[in-house]
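**Student:** Given next are the chains, with one letter for each unit.
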Amino acid sequence: MLVALLLSAGARAQDSVAAGNGESYWGPILPVADSLTTTSTTRGMPLWEATLVWPFRVITFPIVVVGTGIAAGVEVLDESKIIPWIAERLRPRPGPLGVHADFTAGGLTGLGAAITGEYTGLFGPTNRGRLAGGTSTTGHRRVNAGVSFQAGARGRLEFAAGYRMRPNARYFGLGPGTSPDDESFYRQESAWGGGSYTHTFGLVEATGEIFWSSVGTRGPPDEDDPPLPEQFAGSIPTGFGEYSTGVSVGLGLAHVELDRSGRATRGGARRARVWHFSNRDESDLDFWTFRLEAEQLVPLWYRYHTLALRGVVAWIDITTTDAVPFQRLMTNRTPDALRGFDSFRWRDRGIVILSAEYRWPIWANKNAEAIGLDFYLLGDVGQVFRNADDIGGSNLTTSIGAGVRLGNVAGLLARLELAWSEEGVQLRLQSDHMFQFFKRSLYHGREPSAHR
Amino acid sequence: MRTGNRIGVTAIAAAVLAGGDGPLRDAPVAWYEDDRRHVPEAPAERRVNVMRDGLEETLYRPLGRLVNPGRLIRRIGTIFGGDHVPRAANINALDEVPNSTWFTNRMGLFPMSPEQVARGPTRSAGPDRGAPLVVVSAKTEGVTPGFNVRDARGDVYVVKFDPRGFLGMTSAAGVITGRILHAAGYNVPEDFVIEFDRQDLLLADGVEFTDLAGVQRVMTDDDLDAILNAVDRLPDGRWLALASRFLEGTPIGPFSWTGRRKDDPNDRVPHEDRRELRGLRVLTSWLCHFDAKQGNTLDVYVEDAGARFVRHYLIDFASTLGAGAGIDGPFPTACFEYQFDFGASLGRVVTLGLREDPWRRVERPADLPAIGYFESTEFDPGAFKPLNPNTTFANVTDRDGYWAAKIVSAFTDEQLEAVVAEGRYRDAAAAAWIVRMLAARRDAVARHWFDRVPPLDYFNHDGGTVRFRDLGVERGIYSASGTRYRARVSATTPRRRTANETDWLELEATTVDLRALRPADPAQLPFAAVKVQVNRGRGWSRSTTAYMALASGRVVAVER
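Order-wise, the sequence lines are chains A and B.
Take any residue in the first sequence, note its place counting from 1, add 487, and you have its number in the numbering used here.
Take any residue in the second sequence, note its place counting from 1, add 80, and you have its number in the numbering used here.
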């Protein structure tokens, strides 16, 4: 009986606590029926605050209306499944067919967009086919296609072809000492096609390639002023107004120990390549191109804090008496960019560039491995040259800058960078790598008008 | 006082509830908010678009708070001891939150047994397994698949699974956190961890669902098998899941973290001014409940004692205790950063990446797969951030934080062990880890807020002696040795104008003798004010003042 009473009392105590009454630390709290109830209300703003806040509300009302409109628009787009539809098409999809969009802003191209589709099951699970095309507001056009086949356990055979039109390529003269005041424009059109075979020996890759290419130049559209023939009326460079057509045969050796992710943090790559170009046009042109590249990623104190270093030197050695058409000379453009300077700002038979980036993550979507933003500080040093003696001194250009990279372990989605040089400021939005040159094969759309 | 008198005292109580600085009255303290008045029609169902909500909470409202001139002035005022926002609007004279449709005082005011805490809101041991669970609906979209079942009693449960690769993690977290929040005082659903075989499930006839191709059709056993095959199983082939009982009443959508539900006449206080919602930030920091979005709340139109009104629930606690209910499972930035944390990102730019973020140092225990990113070393209660900024959480004042920390600190190790057992971890070491982290984080929470507001509380007046409690010492946050108290006493008018104030007097214990106080004019000075401070070796704290009615001996107000 006693036990039953105790249990009953215990149960009542439990029920009362669940209901928020009983013997509390403040003393007894009676059940609601026996207790005081109250009506909570909020108090208005004190006068001092109202005199500040109400004018503020009036002033910011238009902003609030616009903001509310945007938010409502987002809701409508989401509820009508438009945003999920777009997201579904942009996200990486499992299966053999992948499509992704590239974009660019700034530089010669202006505002541009491109679409790339890749099929990874072409006559076999390790074969790939790729088709890409892009356009821009300044009239740039490009299209390229390629196929890549597994050839034995360690070999890869690739074939590719492409076309590119630049209606507003720049020309400032030849050599490292040209003036920005001599800026002029011309139209450059190139087409190419060829194949390559790469054999892997552990970390070393040996590549042989052969391709046909043709690069023509002529005057720019009316809006790009001054045209090259006008600015350089007395010294029009060799090759202007003509197509330079020929066949290149190249050999390359690469030592690659780089993590091939979009957000590599360690490892490096070294590559040496040589091409021989022989004409297939009216000229008697025959020349060699040599190119040495090295890249190293140095992991720093925290994860994804990385120092990225890159160096490249390339030069042309002429074996005939004909001069190399200017459209086949070395010039500063992606990936051999001197950030802070216009693309095509310098041009000559050789180019040397050292680039460095210190990168660190500033945002990650929940997880360090997920999509995130890396901030980076950059510095470029480089120049074009005719002879080795030209390298150094006042011929060297320097630029510094900062940027953000949006990407994840699967790849780089975009980079936005601002670079300063003595010639001004360059803002670029791009979706390709400055570093990691393993994606610069013919298959990936490399334009070989100049051997790079 | 009977129900018939309740309305009559409401007006008085409204003044009493104004809390802290209203005129003193020798009247009972209000412990109930009058928000259960009959609402004949259910308020309209409220729908929240997650994307719009995220945009507003992440961008618009933080910007609004940043440039609001009133808030700026108040922010400056914090240098002089003020609050950055107006004080909570629903506190009573003792600086406590009255019981309401939002909150019921439990752990904060009453001793509770470990069994009570562990039992939480449950009225049974879970779904009645006397017969197969009948699948009455299913979902294939969303982060994890799941379905609804009806048990032998006729109760309907939502059955949710852990993300693949994290068996037992979110289901345990969901149950444990729900029980803890219930003990703290919030309304939560009845959640259970269940295990079942395939033969324990029966598909009802004509269940319609939308398949992965987006086609709506009648569900088959193959579809049910496909859902089950998409989740992990226990080693014995059984399934483990969280079953959440449907709430009684009519769901009318989530409540907002700002403003009021305009079509609910009982909803009078802007939610960002409700102390229990502000204080929830402290509990969510303790529990690492980062997914405290609107969508994880629910208003339900209920009938109780003959009246129909809206009751406000917190739901879905799977993303707590370091677990993550997303497809990728737990992630380390949870509770450290917003999903889009502009301030943190800017800070990393400015510091050139030379400062390591604390979340990068957080790791999951290697040998406990059921445990997510739940630790105590890097845990900073003041730095907690949910997935998205939250307007109400941004309004937490020190006093709101103290109020919630008082509840958190009341959980004993025994209570935590009992409640963690409800999570049914298969590895005892995992349960022990959660208990240990909860205890360590509890102490960190208490220390953080008790350092800001001295935990001198629960004043009682008996026979001319005022007794109070030092929750910091009682709950093991501070050492008793080296802790000193002092008090000064004065007679007070109802408008809190003091007279005959004594000098500070160091106390031998947490008691103050009022018998020496002899106001010359008791009619003009009918109250006594007892101002107490504590010194733990770092100087005297700010004051906590309790007001006593000399005539009745009643404690009528507390100021912090």
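Fair warning: there could be bad hints in the mix.
List time: in silico DSSO-like cross-link candidates among lysine-lysine, alpha-carbon distance up to 30 Å [said to hold, decoys possible]:
#1 B/K373 - B/K342
#2 B/K611 - A/K568
#3 A/K568 - B/K342
#4 B/K611 - B/K373
Derived by calculation from the structure, the hints in this document are not laboratory data.
**Student:** Against each hint, give a clear statement of whether it holds in the structure.
**Tutor:** Against the structure, the hints come out as follows:
no.	hint	in the structure
1	B/K373 - B/K342	holds, 20 Å
2	B/K611 - A/K568	violated, 61 Å
3	A/K568 - B/K342	holds, 29 Å
4	B/K611 - B/K373	violated, 40 Å
In summary, the numbered hints that this structure violates are 2 and 4.
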